[in-house]
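The sequence shown: position 175 = 175 (my numbering), numbered continuously.
Rather than coming from a laboratory, the hints here were simulated on the basis of the structure.
Model, not experiment: these values are computed from the prediction.
Ideal Cβ positions, reconstructed from N, Cα and C, are used throughout, including at glycine.
Be aware that one or more of the hints could be misleading.
So the derived label-pair ranges between C-beta atoms look like this [said to hold, decoys possible]:
1) Glu394 <-> Lys202: 34 to 44 Å
2) Lys370 <-> Asp5: 29 to 39 Å
3) Gln234 <-> Lys202: 15 to 25 Å
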Amino acid sequence: MVPPDIKFIDEAEIKGKTVLLRVDFNVSMNPNNLTIADDARIRQAIPTIQYLLKNKNKLIIVSHLGRPKGKPDPKFSLRIVSDDLQGYLPNYKVRLINDFLTENKQTFDNQTPNDVYLLENIRFYPGEKEDDPKFSKKLASLAEVFVNDAFGVSHRANSSVVGVTNYIPSYGGLLLKKEIDMISHATQHPEKPVVAIIGGAKISTKINVIDRLMKLADYLIIGGALANTFIYAQGIDIGSSFAEKDKAEEAKKIMFKAAQKHTTIILPSDCIVGKPDELEKGGSVCKITEVPKDLQILDIGPETKARIGTIIAKSKTIIWNGPVGYFENIHYRQGTDFVYYVITENSDAISVIGGGDTLAAISKKEYLEKITHISTGGGAMLEFIEKGTLPGIEALRNKG
């Protein structure tokens, strides 16, 4: 539920202002870093951008890209993002501002509503991640109003997310509002039965959210390398598979809690295994209790797919974060593709998915149209499920 003491741009009179707009343009790049692999995060910010532009506001857009460690790095430049954004705004002139701290004051004084300024990667500045008050104040001084539309980084207490709200009136954007609405709907008052699918690699990053999901989910499906830790905790040999063996006790506690809360945990009963140095040759099916010493678990098997397919098909609320196999390799992505397929076939369910890897694992774009909500956040989505709020959301309270 959207907090009542936060104002969003469609509830406020923001017209003819200079607006500092925080977005999440942290798009996935092709390995050569010369082209954008998927500009979904840019597309999802366009409604807020267009809304503000239609009201004759002058936009100064802020984003990050990658992890440049607080100093300029050409491979993390937003130049390519600027070019992509221009394609969505043909009636406006998008200009990349290389360094807002040293840019001539006239550049900002002469900005018109037809000029859209995109500041160079905000993480080129050490003050961003430190939430340095002086840096926050300087950033805020560029505008009259701040709008946060970057749900995907709202779990970070950075200057461009939290710090600037201390200096100018601050509002939420349309995408931020949608994210809060949809994830809250799926987690606070979900229609039963509820299935949560958690994949990825490490239990250490997902213990708290798993604990929260157990309170609302009827079924908790665990896949990916994350499942290996749970399987290992049951005393089953997982061959040479990756697992956080030092977290076995944590996995046992989770399974014990789930039994007490009447949440059914589903772990793989069979899998696709392969040799670590021969992955391109493909794998073979084997029982989870019969994984050879020299092989790795890389995907869920047909028996597991059949079981989870039945559960997903009868669910009314579906929450998914993290692939269930090594999706980057075509031989081990069938399990993740299957989960997508079954979710999209269940048109009666509310489905919310998130996480960079989960989105990157989509092999058929038509799946996107059948998902109720695709979150722009990975870690942010998990933290919001766990806590019901985020630092970037809290910072907007009573600021509009």
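Quick rundown of the hints versus the structure:
About 26 Å separates the C-beta atoms of Glu394 and Lys202, a value inconsistent with the hinted range of 34 to 44 Å. Between Lys370 and Asp5 the beta carbon distance is about 35 Å. The supplied range of 29 to 39 Å therefore holds. With their beta carbons about 18 Å apart, Gln234 and Lys202 fall inside the hinted range of 15 to 25 Å.
Hint 1 from the earlier list is the only one contradicted by this structure; the remaining hints agree with it.
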